[in-house]
Amino acid sequence: MPTEARACTASELLCVMSARLLENGQVIFAGVGIPLLAATLAQRLHAPGLTILFEGGTIGPHIVPGQLPPTTNEQRCTRRANMLVSTTEVLLLLQRGYVDVGFMGGAQIDRYGNLNSSFIGPADDPQVRLPGTGGGNDIASLAKMIVAMPQEKRRFVERVDFVTSPGFLRGGASRRDAGLISGGMYKVVTDLALLGFEEETGRMKVEALHPGVTPAQVQANTGFELPVGPGVGFTEPPAAEELAALRRLDPDRVYTA
Amino acid sequence: MPTEARACTASELLCVMSARLLENGQVIFAGVGIPLLAATLAQRLHAPGLTILFEGGTIGPHIVPGQLPPTTNEQRCTRRANMLVSTTEVLLLLQRGYVDVGFMGGAQIDRYGNLNSSFIGPADDPQVRLPGTGGGNDIASLAKMIVAMPQEKRRFVERVDFVTSPGFLRGGASRRDAGLISGGMYKVVTDLALLGFEEETGRMKVEALHPGVTPAQVQANTGFELPVGPGVGFTEPPAAEELAALRRLDPDRVYTA
Amino acid sequence: MSQPYLELRRRTQSRDRSLREKVMSLEEACRFVRDGDHVALGGSTASRTPMAMIWALIRAGKKDLTVSRSIVSTEGDLLFASGASRHILTSWFSQGIVWGVSRVMRGFTESKRAVFEEWSHLSIGLRYRAGAMGVPFLPMRSMMGSDVAARLKDLREMDCPFTGEKLLLVPALNPDVALIHVQRCDPYGNAQIDGLLFMDVDIAMAANRVILTTERIVSNDQIRRAPDQTKIPFFAVEAVVEAPYGCAPHECFGAYEPLFPHMDYYAELTRKNPEAGAKEYLDRFYYGPKSWTEYLNLVGLEPLLDATRRGRSIYAD
Amino acid sequence: MSQPYLELRRRTQSRDRSLREKVMSLEEACRFVRDGDHVALGGSTASRTPMAMIWALIRAGKKDLTVSRSIVSTEGDLLFASGASRHILTSWFSQGIVWGVSRVMRGFTESKRAVFEEWSHLSIGLRYRAGAMGVPFLPMRSMMGSDVAARLKDLREMDCPFTGEKLLLVPALNPDVALIHVQRCDPYGNAQIDGLLFMDVDIAMAANRVILTTERIVSNDQIRRAPDQTKIPFFAVEAVVEAPYGCAPHECFGAYEPLFPHMDYYAELTRKNPEAGAKEYLDRFYYGPKSWTEYLNLVGLEPLLDATRRGRSIYAD
Numbered sequence: 000m001p002t003e004a005r006a007c008t009a010s011e012l013l014c015v016m017s018a019r020l021l022e023n024g025q026v027i028f029a030g031v032g033i034p035l036l037a038a039t040l041a042q043r044l045h046a047p048g049l050t051i052l053f054e055g056g057t058i059g060p061h062i063v064p065g066q067l068p069p070t071t072n073e074q075r076c077t078r079r080a081n082m083l084v085s086t087t088e089v090l091l092l093l094q095r096g097y098v099d100v101g102f103m104g105g106a107q108i109d110r111y112g113n114l115n116s117s118f119i120g121p122a123d124d125p126q127v128r129l130p131g132t133g134g135g136n137d138i139a140s141l142a143k144m145i146v147a148m149p150q151e152k153r154r155f156v157e158r159v160d161f162v163t164s165p166g167f168l169r170g171g172a173s174r175r176d177a178g179l180i181s182g183g184m185y186k187v188v189t190d191l192a193l194l195g196f197e198e199e200t201g202r203m204k205v206e207a208l209h210p211g212v213t214p215a216q217v218q219a220n221t222g223f224e225l226p227v228g229p230g231v232g233f234t235e236p237p238a239a240e241e242l243a244a245l246r247r248l249d250p251d252r253v254y255t256a
Numbered sequence: 000m001p002t003e004a005r006a007c008t009a010s011e012l013l014c015v016m017s018a019r020l021l022e023n024g025q026v027i028f029a030g031v032g033i034p035l036l037a038a039t040l041a042q043r044l045h046a047p048g049l050t051i052l053f054e055g056g057t058i059g060p061h062i063v064p065g066q067l068p069p070t071t072n073e074q075r076c077t078r079r080a081n082m083l084v085s086t087t088e089v090l091l092l093l094q095r096g097y098v099d100v101g102f103m104g105g106a107q108i109d110r111y112g113n114l115n116s117s118f119i120g121p122a123d124d125p126q127v128r129l130p131g132t133g134g135g136n137d138i139a140s141l142a143k144m145i146v147a148m149p150q151e152k153r154r155f156v157e158r159v160d161f162v163t164s165p166g167f168l169r170g171g172a173s174r175r176d177a178g179l180i181s182g183g184m185y186k187v188v189t190d191l192a193l194l195g196f197e198e199e200t201g202r203m204k205v206e207a208l209h210p211g212v213t214p215a216q217v218q219a220n221t222g223f224e225l226p227v228g229p230g231v232g233f234t235e236p237p238a239a240e241e242l243a244a245l246r247r248l249d250p251d252r253v254y255t256a
Numbered sequence: 000m001s002q003p004y005l006e007l008r009r010r011t012q013s014r015d016r017s018l019r020e021k022v023m024s025l026e027e028a029c030r031f032v033r034d035g036d037h038v039a040l041g042g043s044t045a046s047r048t049p050m051a052m053i054w055a056l057i058r059a060g061k062k063d064l065t066v067s068r069s070i071v072s073t074e075g076d077l078l079f080a081s082g083a084s085r086h087i088l089t090s091w092f093s094q095g096i097v098w099g100v101s102r103v104m105r106g107f108t109e110s111k112r113a114v115f116e117e118w119s120h121l122s123i124g125l126r127y128r129a130g131a132m133g134v135p136f137l138p139m140r141s142m143m144g145s146d147v148a149a150r151l152k153d154l155r156e157m158d159c160p161f162t163g164e165k166l167l168l169v170p171a172l173n174p175d176v177a178l179i180h181v182q183r184c185d186p187y188g189n190a191q192i193d194g195l196l197f198m199d200v201d202i203a204m205a206a207n208r209v210i211l212t213t214e215r216i217v218s219n220d221q222i223r224r225a226p227d228q229t230k231i232p233f234f235a236v237e238a239v240v241e242a243p244y245g246c247a248p249h250e251c252f253g254a255y256e257p258l259f260p261h262m263d264y265y266a267e268l269t270r271k272n273p274e275a276g277a278k279e280y281l282d283r284f285y286y287g288p289k290s291w292t293e294y295l296n297l298v299g300l301e302p303l304l305d306a307t308r309r310g311r312s313i314y315a316d
Numbered sequence: 000m001s002q003p004y005l006e007l008r009r010r011t012q013s014r015d016r017s018l019r020e021k022v023m024s025l026e027e028a029c030r031f032v033r034d035g036d037h038v039a040l041g042g043s044t045a046s047r048t049p050m051a052m053i054w055a056l057i058r059a060g061k062k063d064l065t066v067s068r069s070i071v072s073t074e075g076d077l078l079f080a081s082g083a084s085r086h087i088l089t090s091w092f093s094q095g096i097v098w099g100v101s102r103v104m105r106g107f108t109e110s111k112r113a114v115f116e117e118w119s120h121l122s123i124g125l126r127y128r129a130g131a132m133g134v135p136f137l138p139m140r141s142m143m144g145s146d147v148a149a150r151l152k153d154l155r156e157m158d159c160p161f162t163g164e165k166l167l168l169v170p171a172l173n174p175d176v177a178l179i180h181v182q183r184c185d186p187y188g189n190a191q192i193d194g195l196l197f198m199d200v201d202i203a204m205a206a207n208r209v210i211l212t213t214e215r216i217v218s219n220d221q222i223r224r225a226p227d228q229t230k231i232p233f234f235a236v237e238a239v240v241e242a243p244y245g246c247a248p249h250e251c252f253g254a255y256e257p258l259f260p261h262m263d264y265y266a267e268l269t270r271k272n273p274e275a276g277a278k279e280y281l282d283r284f285y286y287g288p289k290s291w292t293e294y295l296n297l298v299g300l301e302p303l304l305d306a307t308r309r310g311r312s313i314y315a316d
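Residue numbers (numbering that gives the first Met the number 0), protein chains in the order written: chain A, 0 to 256; chain B, 0 to 256; chain C, 0 to 316; chain D, 0 to 316.
Incorrect hints may have been included.
To be verified - Dumping the calculated DMTMM-like pairs for lysine to aspartate or glutamate here, alpha-carbon to alpha-carbon at most 25 Å:
(1) D/152 with C/158
(2) D/152 with D/36
(3) A/186 with C/15
(4) D/230 with C/316
(5) C/21 with C/36
(6) A/186 with A/235
(7) D/289 with D/214
(8) B/143 with D/6
(9) D/165 with C/158
(10) D/152 with A/124
(11) D/165 with C/153
(12) C/152 with C/36
(13) C/152 with B/176
(14) B/143 with C/156
(15) B/143 with B/160
(16) D/152 with D/164
(17) C/165 with D/158
(18) D/165 with C/164
(19) A/143 with C/6
(20) C/62 with C/279
(21) C/271 with B/124
(22) D/152 with A/123
(23) D/111 with D/63
(24) D/165 with A/199
(25) D/271 with A/124
Stated by the list, open to error - Not everything, but these chain C residues come out facing chain A in the computed CB check (under 7 Å):
(26) 8
(27) 11
(28) 16
(29) 17
(30) 133
(31) 189
(32) 223
No lab work stands behind these hints: they were computed from the structure.
Here a beta-carbon is modelled for each residue, glycine too, at the ideal position from N, C-alpha and C.
Construct the complete structure from the given sequences, taking the supplied hints into account.
Below, the structure is given as structure tokens:
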């Protein structure tokens, strides 16, 4: 791994790589943690006209560096917002089509981009009952999705135990056939690579490796076959100004340690 | 006609007789003109806890004597209201079941209590295009209805040219069968009588004559058979305090001339 | 009829929803309305009517507009009489109860030169709301059995799969353009509305484009100090036009009441010879003045000040 | 499952909806909640949680409540641990993201002593909204195809009769009782809410009874001076209880932020031995104090003042 990449933490790498995927003028639904931090970073770098929505009902808040809100439902999320609406109304913006991108973290993802945040083990007799979907299911049903998460074998599984937030379901036309005719998985950003999905099959694919990462590393950290095709190149390493901007936003390294 | 009744105008009679039908604690949708005046009179007399709703979105306004609002959509309707909501929300209160009584005037009514405010003549080639339903259709579909109107042959017709606001439609179970399982015509107050509806057939019937009115007078002013049964008595004439309270509310006789 | 979902989304996704200034003149904002568009109007009857924008569209010679509104007043007469529209969808159409039935509306519709498509008040509200929610219909419990429903094509009935009850389904209405007048908004289009909301929020969220006119433009800072007062978000707005007294001769809550003498004058003018009267009115107040300010000057300062005094009295408690 | 319409109306019509004072104590308001009721909670996660009323209901020994809320935080743990509820319907259930997965929730649900019924966030919002609108369902476009939907019985799919698109229908939810905490209301129950509304307005309008707790009771005159700020009408409310700091240790917008040290203390207490920890917490803070004021005194004046300072800072711009 070249020096530039090793000089930042895995979380910082996730933030920078994710931020690059966001475009000026987009309206995005951001979860707290890495997604919010990455969205705020994008605003500071190349997307000043990016609008952030929170599930609690906040439209276009002003994020103060060092004071990233810890949840999406509390008054800290509303600071200098443009508008506050009810939770139902803000989620309906997804359904109405005003939102470009849903951006969240993930606990467990499978080959077709389905996310699980409900159960480890069988739903009727789980080893762990997780907190559940929150807005995740609605966001993943209705928006183009970016997911940021560390790449680990236990997180990247052949088939999630439970489809909390739908990706391409069982692949092919299964998502569309289920009635989800819009949105869908767009990118998964990990500490190893930038991942996308094959249009026809809905299967996860490697779009680029982060600097210094080998195909074998990716496969070793993935619970299903995830080959790196011959044409796959490398992402640009985080630039000094990207990391500097990020560190100004999270000076206490709450999210980027 | 005894002196007490003759001492007031037909509009005053309508107001007083209508006001008596309203009960303390009810929530009512009131049209402007006689309905609003009668509802306000009821508040002053026996129903201080009566709540008035206006179609424009006003909940529980305070009506200033001599300043009755001319429509239900302007800021004059909102003076010292308890709450303002959108038009859609205030109409949804009807559907949710929060409203006891809808109270409006009528241009044309038929034997089954159907009201027409859309067309004189056939709808595809009318002699007169009237202003239309406004909230009337929704109110008559969803609330127990009181209608106040002068009794005239051209207004009380066998079958309205157009069912703008549904009464009992074609009688019998036809209203329920159409999907309107709640609400329905309750009383029609005219300058001659208090009218109701037979439960089984949905046909209009005379419940009481105003003091001094004869069955022949009722029939002469009605475009369909409206017999006065043997047990039908007389309403109590407007009392001095009722008329005095009414005249304080409409000192310029805008609605009660 | 409801737009297919992917088409609705495509239109929405193609709009520039970034936080950007979009202040322009009435004349410039006209470009967001194309001949043949479905134009929805905010407000109701003589309240918060987006009169300045209607004035500009009529002057710009727009035509074949389908216009919808919860309740239509004098602006409907003028849309018919100017040729801007031959099709108005509403629940009630006349100047206002105290002025009786509109003879202009009667003349155009009875002679079949124009259509007044009548829906129940709630059904219009739910059509806009379905459009705002991104669903193709909403269920409701009124209007069934009436001739109002019988004359409409775009309705369906269903038996509720949960309760077996009969329900009416009304199709989403996603107007091409919404015209909304507000008390204040910022240069980005974050709009705050005082008093009665009518159907404005749903109309704005349902529409594919929104033109905001406003009594005054305030700073984005001011909006951000009370974000829970914002009723329409900037990203749903294409144009912001500052148009003081933008509803005259109708009212704007808390700012001015209707200009009753002007409304009486209009009623009188259109009573005897409705179309000639409407034409005379258009010539004098719509085609004559060079600007909205000149229009207001013709309407007259004294009635404006009187309406303002009455309008502000709502806060006199 | 949706209530039949006539039954819903009968329950609503039998409520005393007159303009009348209904101020009472937390203890008196408990009579509006019966064992076995469906109780919906306003607010979300650690915001505007009707904690004082939940506190009173747990002390009153209520049981077999089905509880629903958009997102459930520590109050869910305590409802399970006290035996007040064995069934919670929500989209997300844990103390809050920073504190990780609730071990109390895990203990009760993994051992099948209690149910966490998971719906998507929007579907819960639309269920309350359908209930508030008086329709038996609303259509929506998310949740289809997921295992969240597959585990739920009360769902239907339909092909839209207008567009042919597949839609999910979610049934109306009309709670027996709603508990809502607001910044201010009058003695009749006209409630004004600042900041984030969550699903509170729909919950209140959908419910068959509403208990309002409020930071302060204001006069009806004050409400009538700004009726466009009223979010819940008096006629939907059965009880008004003045409960200062009624959300502590959660927050109330503009008044106080969460009492983070208290939240950390609770998290720590329930981390190692979840049920013993929750029981200790209940004994100390729920069953121990004689009054809400005594509860607040146990929570501590200093953290309350600190939370207040932070809470009011939202208006410091």
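Against the structure, the hints come out as follows:
no.: 1; hint: D/152 with C/158; result: holds (19 Å)
no.: 2; hint: D/152 with D/36; result: holds (20 Å)
no.: 3; hint: A/186 with C/15; result: holds (23 Å)
no.: 4; hint: D/230 with C/316; result: holds (21 Å)
no.: 5; hint: C/21 with C/36; result: holds (21 Å)
no.: 6; hint: A/186 with A/235; result: holds (16 Å)
no.: 7; hint: D/289 with D/214; result: holds (20 Å)
no.: 8; hint: B/143 with D/6; result: holds (16 Å)
no.: 9; hint: D/165 with C/158; result: holds (17 Å)
no.: 10; hint: D/152 with A/124; result: holds (18 Å)
no.: 11; hint: D/165 with C/153; result: holds (19 Å)
no.: 12; hint: C/152 with C/36; result: holds (20 Å)
no.: 13; hint: C/152 with B/176; result: holds (20 Å)
no.: 14; hint: B/143 with C/156; result: holds (23 Å)
no.: 15; hint: B/143 with B/160; result: holds (23 Å)
no.: 16; hint: D/152 with D/164; result: holds (22 Å)
no.: 17; hint: C/165 with D/158; result: holds (17 Å)
no.: 18; hint: D/165 with C/164; result: holds (21 Å)
no.: 19; hint: A/143 with C/6; result: holds (16 Å)
no.: 20; hint: C/62 with C/279; result: holds (19 Å)
no.: 21; hint: C/271 with B/124; result: holds (22 Å)
no.: 22; hint: D/152 with A/123; result: holds (15 Å)
no.: 23; hint: D/111 with D/63; result: holds (15 Å)
no.: 24; hint: D/165 with A/199; result: holds (21 Å)
no.: 25; hint: D/271 with A/124; result: holds (22 Å)
no.: 26; hint: 8; result: holds (4 Å)
no.: 27; hint: 11; result: holds (4 Å)
no.: 28; hint: 16; result: holds (5 Å)
no.: 29; hint: 17; result: holds (3 Å)
no.: 30; hint: 133; result: holds (4 Å)
no.: 31; hint: 189; result: holds (5 Å)
no.: 32; hint: 223; result: holds (4 Å)
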